[in-house]
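Heads up: the sequence shown is residues 1199 to 1509, going by my numbering.
Do not take every clue at face value.
Unchecked claim - Restraint-style ranges between C-beta atoms, simulated for each label pair:
#1 D1295 / S1467: 46 to 56 Å
#2 L1401 / H1219: 38 to 48 Å
#3 P1507 / E1347: 38 to 48 Å
#4 C1408 / H1219: 48 to 58 Å
Unchecked claim - In silico SDA-like cross-links for lysine to any residue, where the CA-CA straight-line distance does not exceed 25 Å:
#5 K1425 / S1451
#6 K1332 / A1273
#7 K1457 / T1418
#8 K1457 / P1380
#9 K1457 / A1346
#10 K1457 / E1498
#11 K1505 / D1491
#12 K1437 / C1408
#13 K1332 / P1380
#14 K1437 / T1341
#15 K1437 / T1418
#16 K1343 / A1256
If you are wondering where the hints come from, they were derived from the structure by calculation, not from laboratory data. All figures in this text were calculated on a predicted structure; none of them were measured in a lab. Where a beta carbon is used, it is the ideal one built from N, C-alpha and C, also for glycine.
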Amino acid sequence: MACSRLKWAHDASHKGTSMTHIGMIGIGMMGHGIASNLLKHGHHLTVLEHAGNQPLDALLAAGAQTCSTPQALAAQSDVIILCVTGTPQVEAVLLGDDGVLKGLRPGTIVIDCSTAVPASTEKVAALVMAQGGKFLDSPMTRTPKEAAEGRLNLLVGGDAALFERCRPILACFAENIVHTGPIGSGHRMKLLHNYVSLGTVTLLAEAAACAQRAGVDASTFVEVLSKGGGFGAALDRLKPTLLSGDTSGLRFSMSNALKDLSYYNQMASDTHADHTVAQAVKTTLETACREGDPNALVPELIALLAKRPSP
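Can you make the complete structure from the sequences, with help from the hints?
This is the structure in C-alpha cells:
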C-alpha cells in the first residue's frame, strides 16, 4: 500500500473543532515541529516517508499516517504543506512522475512553507490552480526551537480570502502571520528577510574573525557591539559561539545559507536591482562551503574565517 493504515489521535479537548486532513512533505528540523503542532491541534496528518526526515516515532505515536509517494499523499489530503529544502525539491515533489499533481483533488490547498525562487513559485502555483487546486506560498522565519513551540513567523502570499480561510491551520504552528500580497510575494519577502539576517550574521562573523586575529577579547567585542550599533538578533545568535564556542544559537547550515543568498541574488538580478553587497556575502559563503563542511552551522563561519590565510 502507498499509505500506511490510518491511526488517528483523538482528544476530547478537540471536540467541536473542525479537523482537516493535512498531508505534509518535509519532516526536517523545521517540519517536525510544524507536524507536531498540527497533531496537537487535532488535525489528521499524513507525512511523506523520506530518508531526509527526522525520526517519525513521536508523530506516529501521536496518530500520524505515512505515505510512500507524494501522489498517494495528495489523493487523501484536503491541505498539503511543503517544508522542503528549496526550489528543486518543491518542483520535484509537485511535478514529478509520482508527484502531488498526479494525485491532486480539485479544491485541495497547497501551502509551500519552503524557501524558493519566486519565479518558480508563480510557475508551480499556476500548474496547481490549472488542475483545480489552490496555492499559498508561506515561507517561515525563526528556528527549529520556535517551530517546536508553535511560534514561527509566516509570510504568506496568495488570495486574501484563501489566506483567511487557512489562517486557523497556520496559527497551529505560527505566532506571527503576515499576508504579504499575491502569490510569490511571501517568497520574495522571505528572501529579503534572509538576506538581511544572514548578511548581518556573515558581516559579524567576518568582524569577529578579524577581532580574533587582532587580539581583541571576545567578551569585549560582544559588550561594545551590544551597547552600540551592532546590537540585534544577529549578535544574540552569535554570542554563544563568541563567548563559549556553543554554535547552537543559530541552527542553520552554511549550505542552506548559501542557497538562500543564491536565491536572493537571482531575485535581485531578475528585478534588475543592485546586489553588490549580496554578491559579496554569497561569495563568502561559497568559499566557506568549499573550504569547510557545507553542513556545518553558520556560527562556525567565525572560526573558518579566522583561520583563513590573508588574500
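(request) Given the hint that K1437 pairs with T1418, test it: the Cα-Cα distance must not exceed 25 Å. (result) holds (11 Å)
(message) So if I understand the rule, the pair passes when the alpha-carbon distance is 25 Å or less; does K1457 with A1346 pass?
(response) Holds, at roughly 24 Å.
(request) Could you see if the CB distance from P1507 to E1347 stays within 38 to 48 Å? (result) Given range 38 to 48 Å: holds, Cβ gap about 42 Å.
(request) Would you mind confirming whether the straight-line C-alpha gap from K1457 to E1498 stays at or under 25 Å? (result) With a Cα-Cα distance of about 17 Å, the restraint between K1457 and E1498 holds, given a limit of 25 Å.
(message) For a C-alpha distance cap of 25 Å, please report whether K1457 and P1380 respect it.
(response) holds (24 Å)
(message) For the hint 48 to 58 Å, verify it against the beta carbon of C1408 and that of H1219.
(response) At roughly 54 Å between Cβ atoms, H1219 and C1408 fall inside 48 to 58 Å, so the hint holds.
(request) Assess, step by step, whether the Cα of K1343 is no farther than 25 Å from the Cα of A1256, and give holds or violated. (result) holds (16 Å)
(request) Sort out whether P1380 lies within 25 Å of K1332, counting only the CA atoms. (result) holds (13 Å)
(request) Starting from the range 46 to 56 Å, see whether the pair D1295 and S1467 falls in it by beta-carbon distance. (result) Violated - the Cβ-Cβ distance for D1295 and S1467, about 31 Å, lies outside 46 to 56 Å.
(message) Between the alpha carbons of K1505 and D1491, is the straight-line distance 25 Å or under?
(response) holds (14 Å)
(message) Check whether the Cα positions of K1332 and A1273 lie no farther apart than 25 Å.
(response) holds (15 Å)
(message) With the threshold set at 25 Å, check whether the alpha-carbon distance from K1437 to T1341 stays at or below it.
(response) This hinted pair holds, its Cα atoms lying about 16 Å apart.
Checked against the numbered hints above, the structure violates hints 1, 5 and 7; every other hint is satisfied.
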